[in-house]
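Peer 1: Assemble the complex: chain A is given as a structure, and chain B must be docked to it using the hints.
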Amino acid sequence: MMAIKTSYLAKNVRTLKPSGIRKFFDATTGMTDVISLGVGEPDFVTPWNVREAAILSLEDGYTSYTANAGMIELREAIAKYVDDYYCVSYNPEHEITVTVGASEAIDIALRAILDPGDEVLVVEPCFVSYAPLVTLAGGVPVIVETEKENDFKVQPEQFEAAVTDRTKAIMICSPNNPTGSMLSKIEMERIADVAKKHDLLILSDEIYAELVYDDLYTSFAALEGMKERTILVSGFSKDLAMTGWRLGFVCAPQEISQGMLKIHQYAIMCASTMAQHAGLEGLRNGRADMADMRKSYRQRRNYMVQSLNEIGLPCHKPEGAFYTFPSIEATGMNSETFATRLLQEERVVVVPGNAFGDSGEGHVRCSYATSMSQLQEAMKRMCRFVEKL
Amino acid sequence: MKLTATEIEVAEILEKDARLTNDELSKMMNLSVDQIHQIVKKLENEKVIVRYVSLVDWTKIDGHQDVTAMIDVKVTPKRDVGFDDVAERIYRHREVKSVYLMSGTYDLSVQVEGQSVNEVAHFVTQKLSTIDGVISTTTHFVLKKFKHDGTVYDSDDRDKRIVVSP
Numbered sequence: 001m002m003a004i005k006t007s008y009l010a011k012n013v014r015t016l017k018p019s020g021i022r023k024f025f026d027a028t029t030g031m032t033d034v035i036s037l038g039v040g041e042p043d044f045v046t047p048w049n050v051r052e053a054a055i056l057s058l059e060d061g062y063t064s065y066t067a068n069a070g071m072i073e074l075r076e077a078i079a080k081y082v083d084d085y086y087c088v089s090y091n092p093e094h095e096i097t098v099t100v101g102a103s104e105a106i107d108i109a110l111r112a113i114l115d116p117g118d119e120v121l122v123v124e125p126c127f128v129s130y131a132p133l134v135t136l137a138g139g140v141p142v143i144v145e146t147e148k149e150n151d152f153k154v155q156p157e158q159f160e161a162a163v164t165d166r167t168k169a170i171m172i173c174s175p176n177n178p179t180g181s182m183l184s185k186i187e188m189e190r191i192a193d194v195a196k197k198h199d200l201l202i203l204s205d206e207i208y209a210e211l212v213y214d215d216l217y218t219s220f221a222a223l224e225g226m227k228e229r230t231i232l233v234s235g236f237s238k239d240l241a242m243t244g245w246r247l248g249f250v251c252a253p254q255e256i257s258q259g260m261l262k263i264h265q266y267a268i269m270c271a272s273t274m275a276q277h278a279g280l281e282g283l284r285n286g287r288a289d290m291a292d293m294r295k296s297y298r299q300r301r302n303y304m305v306q307s308l309n310e311i312g313l314p315c316h317k318p319e320g321a322f323y324t325f326p327s328i329e330a331t332g333m334n335s336e337t338f339a340t341r342l343l344q345e346e347r348v349v350v351v352p353g354n355a356f357g358d359s360g361e362g363h364v365r366c367s368y369a370t371s372m373s374q375l376q377e378a379m380k381r382m383c384r385f386v387e388k389l
Numbered sequence: 001m002k003l004t005a006t007e008i009e010v011a012e013i014l015e016k017d018a019r020l021t022n023d024e025l026s027k028m029m030n031l032s033v034d035q036i037h038q039i040v041k042k043l044e045n046e047k048v049i050v051r052y053v054s055l056v057d058w059t060k061i062d063g064h065q066d067v068t069a070m071i072d073v074k075v076t077p078k079r080d081v082g083f084d085d086v087a088e089r090i091y092r093h094r095e096v097k098s099v100y101l102m103s104g105t106y107d108l109s110v111q112v113e114g115q116s117v118n119e120v121a122h123f124v125t126q127k128l129s130t131i132d133g134v135i136s137t138t139t140h141f142v143l144k145k146f147k148h149d150g151t152v153y154d155s156d157d158r159d160k161r162i163v164v165s166p
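For the protein sequence lines, the chains are A and B, in the order given. Here the first sequence is numbered in our numbering, starting from 1 and rising by one per residue. Here the second sequence is numbered in our numbering, starting from 1 and rising by one per residue.
Bound-form chain A, shown alone (with noise of 0.2 angstroms):
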């Protein structure tokens, strides 16, 4: 008789908590008249003529692998583009590869600087992502957590106090999935300055930056003395409604772009073309979309922040992103409680604050990328489910 171990998953992998939205989304499979503000994605449908760039490719015969990096003619559009916008330039052919999402970005920006024990200090609340990645690359992340007393904005103090011999970078999503807060240009400055005191790397997760509602967005690469040690992510998934197409962009400089390029090419080999053609067509004539969709966003964004205010379910003003943060301390419920209950006696799912780390306790992520009549009736419901309680 052969052995059979008792599992052939490594260690790294068993270990590994799935991530908390699942079961969310099972629970209402079956449930019909349902509003969901669970989701992480624009309510919009990708432009047209970036849908037709991808199919005049198709029919011209663009089927084949491009470069490992993406269509240099793409590279290129990036490249003029994060000029232009975020005011940092980048070489087209050696500081930026086209990714399979802004989450594949991050993942071989984290295999790339990483060696086993290295510790990454994530701020958390953050995407489900993160921790789990630098724990697949072999790294430890270290978590800093962000208070609603500070809008969800983390202190460089905190770096301050978490940093070790071991620290690598700075992980940091501005503006954030699921707080919707976003640094202000002094706030970015102070957390460089740790940065550069404890020779750190900062990967910034960018992938929110056109969807600003209030102020300039700032990169971290555009900050002074910061190009060198930023992994700038960005995408086109969120400001051009593009997330399935699974299209994504890293800069960074020369040393650790070739760094995550080899990983790239070995793990992907190239983005799908198609969305590459789409992509660039994007670029090239997608900002009165992405203008339409940001005010039809900013108008959402404060009827949801001053319903829920009204509601009961105090919430700050997030400037960026497309995601409401409330809290829901008052009901005296935590927050998967209150999630369940809320889909199963209102049908109107939120996210528990919890799924995106423990700081998120407390507080469920509403996302107002869906229509003005959707949101309406979604915060009628929430407004009688608290009232009944």
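No lab work stands behind these hints: they were computed from the structure. Fair warning: there could be bad hints in the mix.
[Said to hold, decoys possible] Derived BS3-like pairs: lysine-lysine, alpha-carbon spacing no greater than 27 angstroms straight-line:
id : chain 1 : residue 1 : chain 2 : residue 2
1  : B       : Lys47     : A       : Lys295
2  : B       : Lys16     : A       : Lys317
3  : B       : Lys74     : B       : Lys145
4  : B       : Lys16     : A       : Lys295
5  : A       : Lys380    : B       : Lys160
6  : A       : Lys153    : A       : Lys196
7  : B       : Lys41     : A       : Lys295
8  : B       : Lys16     : B       : Lys42
9  : A       : Lys80     : A       : Lys262
10 : A       : Lys295    : B       : Lys42
11 : B       : Lys16     : A       : Lys380
[What the hints assert, rightly or not] Pair ranges (Cβ atoms, derived):
id : chain 1 : residue 1 : chain 2 : residue 2 : range
12 : A       : Arg284    : B       : Lys60     : 36 to 46 angstroms
13 : A       : Met269    : B       : Ile162    : 18 to 28 angstroms
14 : B       : Asn30     : A       : Ser184    : 18 to 28 angstroms
15 : B       : Leu101    : A       : Ser184    : 42 to 52 angstroms
16 : B       : Met1      : A       : Ala67     : 53 to 63 angstroms
17 : A       : Gly117    : B       : Thr151    : 50 to 60 angstroms
18 : A       : Ser19     : B       : Asp149    : 36 to 46 angstroms
19 : B       : Val142    : A       : Gly61     : 35 to 45 angstroms
20 : B       : Gly63     : A       : Arg384    : 39 to 49 angstroms
21 : A       : Asp214    : B       : Met1      : 23 to 33 angstroms
Glycine included, every Cβ here is placed at the ideal spot set by N, Cα and C.
Peer 2: Quick look at chain B alone, frame taken from chain A:
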């Protein structure tokens, strides 16, 4: 007339959905209900907002199959008043839904609605073409409306997203 960016945005929102209440508008624009009330009143008084309309798809209703025609009209402009005088003589008719002055090979684009082809034909031959200054008319009947004022009549607007995603 100069409007502020806020006033323009209120007009844009109402153009898309005129049924939003002042309370909802005030939340969307982050203004007080009173401020919104002032803005809407101003837009109405200045005739920036001319009228609130609903886009109705009458083809869905039995017995309401109206006929629409787009008519290209060539006109001799008159001294001092140009095309205004003829345009006015045309738009006064109840059957006429819109009148635009056009660049290109003809002058006025006139949209006419009637209950039958006959009724529209009668209007064109008896009323429109006899107006002083009208040189010629070319009538195009509308067969099907796909999109009107930025709205697709029967669009597939189902939400195709999964219900929860990170």
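Peer 1: State for each hint whether it applies.
Peer 2: Now the hints, each set against the structure:
1. With a C-alpha separation of about 24 angstroms, the suggested pairing of B/Lys47 with A/Lys295 holds against the 27 angstroms cut-off.
2. Note on B/Lys16 and A/Lys317: the hinted pairing holds, with a Cα-Cα distance of about 25 angstroms set against a maximum of 27 angstroms.
3. With a CA separation close to 25 angstroms, the supplied pair B/Lys74 and B/Lys145 stays within the 27 angstroms bound.
4. With a C-alpha separation of about 13 angstroms, the suggested pairing of B/Lys16 with A/Lys295 holds against the 27 angstroms cut-off.
5. The hinted pair formed by A/Lys380 and B/Lys160 meets the criterion: a straight-line CA distance of about 23 angstroms does not exceed 27 angstroms.
6. Only pairs whose Cα atoms come within 27 angstroms are accepted, and A/Lys153 paired with A/Lys196 is accepted, the gap being roughly 20 angstroms.
7. Simply put, B/Lys41 and A/Lys295 have alpha-carbon atoms about 23 angstroms apart, close enough for the 27 angstroms limit, and the pair holds.
8. At most 27 angstroms may separate the alpha-carbon atoms for a hinted pair to count; B/Lys16 and B/Lys42 meet this at roughly 18 angstroms.
9. At most 27 angstroms may separate the alpha-carbon atoms for a hinted pair to count; A/Lys80 and A/Lys262 meet this at roughly 24 angstroms.
10. Simply put, A/Lys295 and B/Lys42 have alpha-carbon atoms about 23 angstroms apart, close enough for the 27 angstroms limit, and the pair holds.
11. In summary, the hint linking B/Lys16 to A/Lys380 is supported, as the alpha carbons are separated by about 22 angstroms, within the 27 angstroms threshold.
12. The hint said 36 to 46 angstroms for the Cβ distance between A/Arg284 and B/Lys60, and at roughly 40 angstroms that hint holds.
13. Distance hint for A/Met269 and B/Ile162: a CB-CB separation of about 27 angstroms, consistent with the stated range 18 to 28 angstroms.
14. The beta-carbon spacing between B/Asn30 and A/Ser184, approximately 19 angstroms, falls within the hinted interval of 18 to 28 angstroms.
15. Between B/Leu101 and A/Ser184 the CB atoms are about 51 angstroms apart, so this pair conforms to the stated range of 42 to 52 angstroms.
16. At about 54 angstroms, the beta-carbon gap between B/Met1 and A/Ala67 stays in the expected band of 53 to 63 angstroms.
17. For A/Gly117 and B/Thr151, the hinted distance range of 50 to 60 angstroms is satisfied, since their beta carbons lie about 59 angstroms from each other.
18. About 43 angstroms separates the C-beta atoms of A/Ser19 and B/Asp149, a value consistent with the hinted range of 36 to 46 angstroms.
19. Between B/Val142 and A/Gly61 the Cβ separation comes to about 39 angstroms, which falls inside the hinted range of 35 to 45 angstroms.
20. Judged by the Cβ atoms, the range 39 to 49 angstroms given for B/Gly63 and A/Arg384 holds: they are separated by roughly 41 angstroms.
21. For the hinted restraint 23 to 33 angstroms between A/Asp214 and B/Met1, the CB-CB distance of approximately 28 angstroms keeps it satisfied.
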